[in-house]
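Novice: Sequence:
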Amino acid sequence: MQDPIDTRTVQRIRRALLAWYAHNARDLPWRRTRDPYAVWVAEILLQQTRIDQGTPYFERFLAAFPTVEALARAQEDAVLKLWEGLGYYARARNLHRAARLVAFERGGRFPETAEAWQALPGIGRYTAGAIASIAFNEAVPVLDGNVKRVLARVFDIAAPIDQAATESRLWTLAGALVPPRRPGDFNQAMMELGATVCTPKTPSCAACPLRTLCEAAARGTQAERPVKGKKPATPHYEIVVAAIEKNGRFLLGKRPPSGLLGGLWEFPGGKVQAREAHEQALKREIREELGVEIRVGGLAAVVKHAYSHFKVTLNVYRCTIESGTPRPVAHSELKWVSRAQFGRYAFPKANLKFIGVL
DNA sequence: AAATCGGGGGT
DNA sequence: ACCCCAGATTT
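Numbered per the numbering used here, the first sequence spans residues 1 to 358.
Keep in mind that a hint or two might mislead.
The calculated DSS-like cross-link candidates involving lysine-lysine, where the alpha carbons are at most 25 Å apart (straight line), are [to be verified]:
#1 Lys335 x Lys254
#2 Lys349 x Lys304
#3 Lys353 x Lys311
#4 Lys271 x Lys231
Bear in mind the hints are in silico, worked out from the structure with no lab data behind them.
Take the sequences, apply the hints, and build the full model.
Specialist: See the structure below:
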């Protein structure tokens with residue numbers, strides 16, 4: 001079964017952590033409110049995202065869409081434009097979908113329990129627990145990367161934390177620790193500790209409020225915790241991209257509504273196959289994707305970019321159409337756009353890297 | 001359980 | 001070059 005935690009240890013952890021948090025909590029914008037909508041936006045936007053990277057997006061997002069109704073009324077293109085450069089764009093699409101659900105089918109009433117929050121798209125167990133504990137004072141746990149690391153060290157857990165059985169055990173531990181009184185502060189304190197003290201490398205154990213009851217620190221195993229499984233090597237792809245120009249406009253395609261970079265606008269192109277020349281690859285891709293024949297001109301840019309599970313090199317060529325009228329085959333929509341209008345479209349980061357030289 | 005889904009910063 | 005980040009969803 002689960003390790004029974006002795007209630008005295010639970011009390012000590014709660015007290016030490018809450019006292020530490022009272023003096024060490026960073027002043028973050030979403031901590032100045034308990035508006036469920038603001039907390040919700042922050043939690044979605046911070047999934048797999050560092051505070052420093054997400055904070056400016058939070059400010060811009062709330063300025064543009066101050067309420068769930070405002071977000072619900074927005075066009076998806078406008079939402080994606082605000083998410084541009086942040087990655088994991090399904091977060092933005094799901095947030096927008098969920099906002100419309102709340103505004104239009106729930107009469108603007110937010111869920112009030114973690115279980116009800118988790119029924120919304122894009123909200124899993126972590127996010128539901130975070131919103132419910134912070135904005136509704138429900139005594140439910142959170143388990144993010146920070147909390148996993150803290151628990152793996154405090155309880156010196158040697159099992160790989162990415163295994164389902166270990167994760168389940170960690171949820172149980174986290175649940176046993178959340179206090180009934182200030183669950184939101186406690187959950188944020190756990191994450192804050194992981195982010196600022198109990199860091200992945202060279203943790204600041206000397207400054208840790210849990211130092212005296214940390215089993216890893218006692219055994220000197222903190223550098224070996226948490227244990228994680230190895231990740232597969234990421235492949236690399238050679239990509240050819242067509243900057244097709246006509247009368248001062250470029251041909252852009254809107255990517256399909258789901259999947260990689262779903263809903264974003266891009267310059268068309270595709271993978272170079274084995275033993276295939278760039279020019280042939282580009283002509284073939286554009287024939288397949290747009291149904292037109294092109295003339296391939298000079299190389300405009302070479303850009304390297306890393307995604308979550310593969311890497312690419314983009315070779316961008318200036319092109320013109322030789323015959324045919326472009327039709328959206330691989331895209332949901334095509335559009336001729338002038339340089340001056342590029343700013344209106346949400347592009348993948350890899351496209352932003354070369355867009356300036358066109 | 002494994003794969004998919006971005007991008008940036010630290011080491 | 002590899003790891004990690006206030007994870008969720010699909011296969």
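Novice: Now tell me, hint by hint, if it's right for this structure.
Specialist: To see whether the hints hold, each was checked on the structure:
1. Lys335 x Lys254: holds, 8 Å
2. Lys349 x Lys304: Holds. Lys349 to Lys304 sits at ~11 Å (cutoff 25 Å).
3. Lys353 x Lys311: Holds - the C-alpha atoms of Lys311 and Lys353 are around 15 Å apart, at most 25 Å.
4. Lys271 x Lys231: Distance ~24 Å between Lys271 and Lys231 Cα, so the pair holds.
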